[in-house]
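Q: Going down the list, the sequences are from chains A and B. Counted from 1, the first sequence has number 15 at position 15 by this note's numbering; the numbering is strictly sequential. Counted from 1, the second sequence has number 13 at position 13 by this note's numbering; the numbering is strictly sequential.
Computed list of lysine-lysine pairs in DSSO-like fashion (alpha-carbon distance at most 27 Å, straight line): (1) Lys11(A) x Lys57(A); (2) Lys78(A) x Lys105(B); (3) Lys105(B) x Lys11(A).
Computed far set for chain A versus chain B, every beta-carbon distance over 12 Å: (4) Leu21; (5) Val30; (6) Asn51; (7) Pro61; (8) Asp63; (9) Gly72.
Keep in mind the hints are simulated off the structure, nothing from the lab. Just so we're clear, the structure is a prediction, and the values are computed from it rather than from any experiment. We put the beta carbon where it would ideally sit given N, CA and C, even for glycine.
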Amino acid sequence: GAGVSQSPRYKVAKRGQDVALRCDPISGHVSLFWYQQALGQGPEFLTYFQNEAQLDKSGLPSDRFFAERPEGSVSTLKIQRTQQEDSAVYLCASSLGGELNEQFFGPGTRLTVL
Amino acid sequence: AQSVTQLGSHVSVSEGALVLLRCNYSSSVPPYLFWYVQYPNQGLQLLLKYTSAATLVKGINGFEAEFKKSETSFHLTKPSAHMSDAAEYFCAVIMNRDDKIIFGKGTRLHILP
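Just chain A, same shape as in the assembly (with noise of 0.2 Å):
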């Protein structure tokens, strides 16, 4: 496809569950980018990718959270053990590489968990 895409585009886990959300990027792109943005407020760094080596992934809030690239292009983002604080909609972006060159966002995966 031409942008961004993420799948499930609405998730609704129990406390406790596992969840796995997808990000495919625009075909070339070689960062990849995660965050998370709570209700109200501004989209939050999660993690970063170059190709498939995670380059930073400082603001991971929690060991609950995991973040992979195995092949270089599709990335899936974890949780473990779901709690109601991570409710938020999970943003993935794109680019031809580096911060300064323009992130292509998608959707996001809106996740909500009982």
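We have chain A; now place chain B onto it with these hints.
A: Just chain B now, with coordinates in the frame of chain A:
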């Protein structure tokens, strides 16, 4: 620590009126600055960016922003609002090329007919 402050979580303007969305940053060095727009159920879209070239930056859809170092501001303006401008707008900053983007909390723009 770097931060971005957007004044006003909600701004309402009449169609055809001037749009002014305020953004201030805290930094001791000139940052890189961005404005993004988020339409309902869509991803964020880059409106414009300042990367130390001209201080007045023109973006898409008739928006522009001016970097004012003395005021540590990067306010977004549009001379004449259109109904299609109704969306959420985010100001964002990067302190140097290797840093992550820091977003403001956003300003929801409402256009009154």
